[in-house]
Structure formats: C-alpha cells, structure tokens
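Each protein sequence line maps, in turn, to chains P and L.
In my numbering, each residue carries its 1-based index in the first sequence increased by 21.
At position 36 of the second sequence (counting the first as 1) the number is 26 in my numbering, and the numbers step up by one without a gap.
Simulated from the structure, these hints should not be mistaken for laboratory data.
Just so you know, not all the hints are guaranteed correct.
[Stated by the list, open to error] Listed next, the in silico DSS-like pairs over lysine-lysine satisfying Cα-Cα at most 30 Å (straight line): (1) Lys102(L) x Lys197(P); (2) Lys192(P) x Lys314(P); (3) Lys102(L) x Lys193(L); (4) Lys193(L) x Lys314(P); (5) Lys197(P) x Lys314(P); (6) Lys102(L) x Lys168(L); (7) Lys314(P) x Lys102(L); (8) Lys193(L) x Lys168(L); (9) Lys314(P) x Lys194(P).
As a plain string of letters, each chain reads:
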Amino acid sequence: MQSALSIDALSSQLLIGLSRTMILFIVSAGLSFVLGVLRVPNVAHGSLYMIGAFSAYTIVTALGSNPAGFWLALLVAPIVVAVVGLIIERGLLSHLYQREHLMLILVTFAIGLILNDLVKLAWGADYRSVMPPAILGGSLTLFGFAVPRYSFFLLVSGPIVAVGLWLFATKTKIGKISRAAAVDRDMVGVLGINVSWVFAASFVIGCYLAGLGGALVAPTLSITLGMDQTVIIETFLIVIIGGLGNIWGAMIGSLIFGVGQSMGLLILPQYAVVFPYAAVVIVLLLRPTGLLKSVW
Amino acid sequence: MFKGIIGSRWRVPIALIAVVLILAPLIAPLFWVYILALIFVTSLLAMSLNLVLGYGGVYQLHHAVFYGIGAYTAALILAKTSLPVWVGFVAGPLVAGASGLVIGWFCIRLTKLYFGMLQISLGSLIWIIVSRAYSITGGDNGMHDIPVPALLRSSNGVYYFTLAVLIICLVAMYLIVKSPFGSTLQATRDNPQRCEAVGINVKRHQLIAIGIAALFAGVAGVLFVGLERSVFPGLLFWALSLEVFVMCLLGGWFTFAGPIVGAAVVVALRTSVSIYTDYWTLVLGVILILLIFFLPEGVMGFFLERLEPQPVEEGRQLANVEG
Chain P
22 MQSALSIDAL SSQLLIGLSR TMILFIVSAG LSFVLGVLRV PNVAHGSLYM IGAFSAYTIV
82 TALGSNPAGF WLALLVAPIV VAVVGLIIER GLLSHLYQRE HLMLILVTFA IGLILNDLVK
142 LAWGADYRSV MPPAILGGSL TLFGFAVPRY SFFLLVSGPI VAVGLWLFAT KTKIGKISRA
202 AAVDRDMVGV LGINVSWVFA ASFVIGCYLA GLGGALVAPT LSITLGMDQT VIIETFLIVI
262 IGGLGNIWGA MIGSLIFGVG QSMGLLILPQ YAVVFPYAAV VIVLLLRPTG LLKSVW
Chain L
-9 MFKGIIGSRW RVPIALIAVV LILAPLIAPL FWVYILALIF VTSLLAMSLN LVLGYGGVYQ
51 LHHAVFYGIG AYTAALILAK TSLPVWVGFV AGPLVAGASG LVIGWFCIRL TKLYFGMLQI
111 SLGSLIWIIV SRAYSITGGD NGMHDIPVPA LLRSSNGVYY FTLAVLIICL VAMYLIVKSP
171 FGSTLQATRD NPQRCEAVGI NVKRHQLIAI GIAALFAGVA GVLFVGLERS VFPGLLFWAL
231 SLEVFVMCLL GGWFTFAGPI VGAAVVVALR TSVSIYTDYW TLVLGVILIL LIFFLPEGVM
291 GFFLERLEPQ PVEEGRQLAN VEG
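Sequences are here, hints too, so could you generate the full structure?
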C-alpha cells in the first residue's frame, strides 16, 4: 500500500487520468453542443467516435510507415465523421425536430445501431491498433517526471480545442447564431436566419468533435467494436453534471471522470469505476442542474 | 384500449391469442416455445417500464437495474441458501420494489433528463458492484446452473409457469392503471402544475409508481432466472434499459399492450434475423427508423388510431405540450 501511493505512482496515474480527461472532454463537448443547440440527446455520438477511431486506423495503415499518416488521420478522420453527421442530419434528424425528446432518443438509438453494424461490416470485429508517430513516441522529462509524449500531446490538444470552441461560440457569427438558436429557435427564425442550416452546422460540428476524439484516442487503446458503449454513457453524464451546453462544464465533468477513475485505481483497484459515478450522484443531488450554468 | 371491462371488440382477439399461446407448446418446435417464453419475460419487463414511462411520464432511463436486482436476489437465495424456493421467488420482486423506492427517492427530486441521468448513475453503481463482487455474485461471469424446482426444468413447465405469471401481472397492472391511483398518475403526467394546485402530491404518486414498476420488473427478473437458470451483470447494464425503453416507444407507449408488441418485435427480430445474418441490429435500426417516420405512435398506437382515434391523439398532444 505504501509503495502504491508513492509520488511516482500518483503522478503517473494523474497523467493517465488527465489524458483520458482530454479525450472525454473533446467528445463530450461535441455532445454538449448538439444537446445545447439542437436539444437532441444524440445516443449515436459514441458510434461516431468509434467511426473516427476506425477511420484514423485505416488512414494510418494505408500510409504505412509514412510519418505524415497520423497527422493526415487527425485531419481527415473527423471530416469523414462530420460528413456522416451531415448525411444523418439532413436525411433523418432535420425531419424530426418537432417530435418529443424521447422519440429523438429512439431515432438516434436506431442510427447508432445502424452505424455500429456498418462499422462491423466495414472493419470487422478484430482488435486494431495505431502507433503514434515517431515524434510523439517515447517520453520526455517534465519537472523531473517522465511523461509519455503522446500524453503530453493530448494535454495540450484538449485546452486548444476548448479555447477554439469557446472562441467559435462567442466570437464568430455562426457561433453566436447557434447559441441564440439554442435559447429561442423561433425568434432566430423570425429574424430571417435559416435555422435549419444552423442546426445542420451545429450537428456537424458536434460530429466533428466526436470524430476528433476518436482519432486522438486511437493510439492509446485497442480500437474495437463496443468502444462506443463506455464513452457514450460517460459523456452523457459529463454533459449533465457540467451543465447542458456549457463547454467549461464539460471540461470539469471530464476531469471528474478522467481523474476520478485513475485516482480510484490507486485506492480501490477493483472498484475504481465506482468513483466517477459516485461523484455524479453527489453532484446531481447537490446541484441538480449541473455545476455550471446550463443553456436549457 | 380496455375501456371499463374489456371492450367487446377485444374479447375475440384476446381469446384467440390466449388459445394460441396455450396450445403453442403442443405444436411449435421446442426452440420457438423457448423464444415465446423469453418474449413473455421481456414483455413483462417492458410493461412494467411503461407503468412509469407511459402512464407516469417519468424518464425512467435505467429500468433494467430492477430487473437485474430481482433476478440476482432470487438467484442468490436459490443457489447460496437452503431457504425454500418460494422465498427466493417472492424476495426477488420485493427487493426490486424496495430498491425502486430507494433509488426513486433520490431521483424524484430531479426532473426529466436529469432524473434519468441520476438514475443511470445510481444504477451503474449497482451494476459495477455486482459485476466486480466475484466472491458473491460471480462477477462478470455471472451465476449458472441455478437450482430451480423440477416444474421449471421441463420446457413446457417453464413455459406455462411464465405465461401464468405474466397473465396475473398483466391483470394486476391493468387494475392499477384503471384504479383511482392510475388515473391520478396519468393526470400528474399530463398536467403536473394543475395536480399540485388541486392538492395532489405529484412526487409521491410518481415515487409509488416507480416502486410498483420496479416490483413488476423484479417479477420479470425472477421469471428470467426460472427460464435461463443463470444471471449475469448484463441484466442490470444500462444498454438493456435502453433496449427496453425502445420496446415501449416502438410498441406505443400510450397504449396498454404496446410494450408487449414492442418486446415481441424486438425479441422475434433478434432471433429470426440473427439466423440469417450477423447484422441483425442493422435490420432493427432500419425498421425502427421506418417506424418512427411512418408509425409515430408505435405499432399499437397505429392500429388503435384506426380503431378509436381519441385516446392516442390526446396522449400525443399532451406529450407535446409537456415536451
């Protein structure tokens, strides 16, 4: 027990937790955006994340030893997912926004089922893995600790995405319109803005983030069917406890999940998964509408 | 659907279905008798969810947890204690109902999606504990070869037992829905503010409904143990809850019998399509989307709309107002 709680173990667990936090943040920010603007609880978000990971695998494998493969995957895989999202939004969701919430859960559940089987058709049920590029392999020394370069890369990417998303939502016109549409879609429509396309754009951005999360997570775990399941439940809870549609809330929620679980491993390895869920229960009982302000 | 006593137009179809179900084991192959029994269990689970979801308007997003608790309670009593069998069969639903009240008590202070998410978190805690407590529950592997009475060891025995319990539960649920409590519950779904204003304790009604629904889910869990003689953590995983939820919406959640249709469709589809292809969820997904587009009230809702338009239409409008 003494050795398990040494500074080394603590810092390396913290690092693992923080890397996981960044992935969770990117995926849940997308979910939060869609939930905030479109009010669609997108149960298929995990499947989109999985498609991002598998697309990244295909791109990296296709380019073989070329170190540009990973960077190209990081660029292209989210776009692939965004295109899938655009098709889903225009083909299905855009006709169904008037339905009840529960029906939208049913629709996105059905979409998730279809996407999961399409992934199985396209990539099969095997385990896949992606190597990070040489420049992100190995580790570097930071404040006297050995930090895997890829973890460091994730730690930097998360906040960049957060700031980028925040700038997009608060400084650009389309971001402002989408935030307005989240509050009162009818009023935005009355002002002569094509709300339908604002919704499409918001959904596509949400899907892009799911794909980006999938591409970023690819080198850190084995890519396989079913990887959507843990992510979808965790990101939903993150979005709820953070405050619906609130980017910074998503970051706090991701910290609770990522760090809570990795620290839990040090204390109670067998039941480590309990910690984030218990944290969610406590947050919801104390602050029922989430930690930060919700847009709903 | 059932107005007052069973409406005259329903007597013939219900009698026909009853005769077919009673004769089924004599003519159908063994495999399909088993599938029918599985449909009964799943139907009961979906019906119990619909008590809170359809009639109570509560976002019960993690209903499977009570199903699993019922199943595990019965399985543990049967396998690990020397208590009589009936104790296990009675304790399952009771423990499930009690856990429904406890979880419900925590969740009921929140509404809608928040309610559902808190329930998923609490349910996931139970799921984690069950799937990791190897020494008691067998952990991820679950428990197998649970000793059940001789009656349930024959395929016909378990079939008739499941059918009988299902019918008893259906009658009980029907009486609950039609009771003053059931009417009040539906009123709290349709207009909670007004109910509060006339002095109805909305939260208490919802909480009681959650307890009753959890009790029936526990009965379904016990039936599952009787049928499969095994339990595993998947019984209380949230993915199963989502599936049951889909059955209610698919069959028609403003109708009494809708969830049975939804459960039958999903179980039958999974069984028959997966004989031909590994991609049965693709087929299910496509069918769901077609249904959402063309039969928005669910399968039963669609047929009822053709027969008696008012109740379904009313329910839908109210749901829109509420949403």
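Evaluation of the provided hints:
About 27 Å separates the Cα atoms of Lys102(L) and Lys197(P), which keeps this hinted pair within 30 Å; it holds. For the hint linking Lys192(P) to Lys314(P), the alpha-carbon distance of about 19 Å falls within 30 Å, and the restraint holds. For the suggested pair Lys102(L) and Lys193(L), the alpha carbons sit about 13 Å apart, so the restraint of at most 30 Å is met. Restraint check for Lys193(L) and Lys314(P): the C-alpha separation of about 25 Å stays at or below 30 Å, so the hint holds.
Pair hint Lys197(P) plus Lys314(P) holds up; C-alpha atoms about 17 Å apart against a cutoff of 30 Å. Taking the CA atoms of Lys102(L) and Lys168(L), the gap is about 25 Å. The hint holds against a cut of 30 Å. Our distance criterion of 30 Å between C-alpha atoms is met by Lys314(P) and Lys102(L), whose separation comes to about 17 Å. Using a Cα cut-off of 30 Å, the hinted pair Lys193(L) and Lys168(L) holds, with the two alpha carbons roughly 20 Å apart.
Restraint check for Lys314(P) and Lys194(P): the C-alpha separation of about 22 Å stays at or below 30 Å, so the hint holds.
Hint compliance for this structure: no hint is broken.
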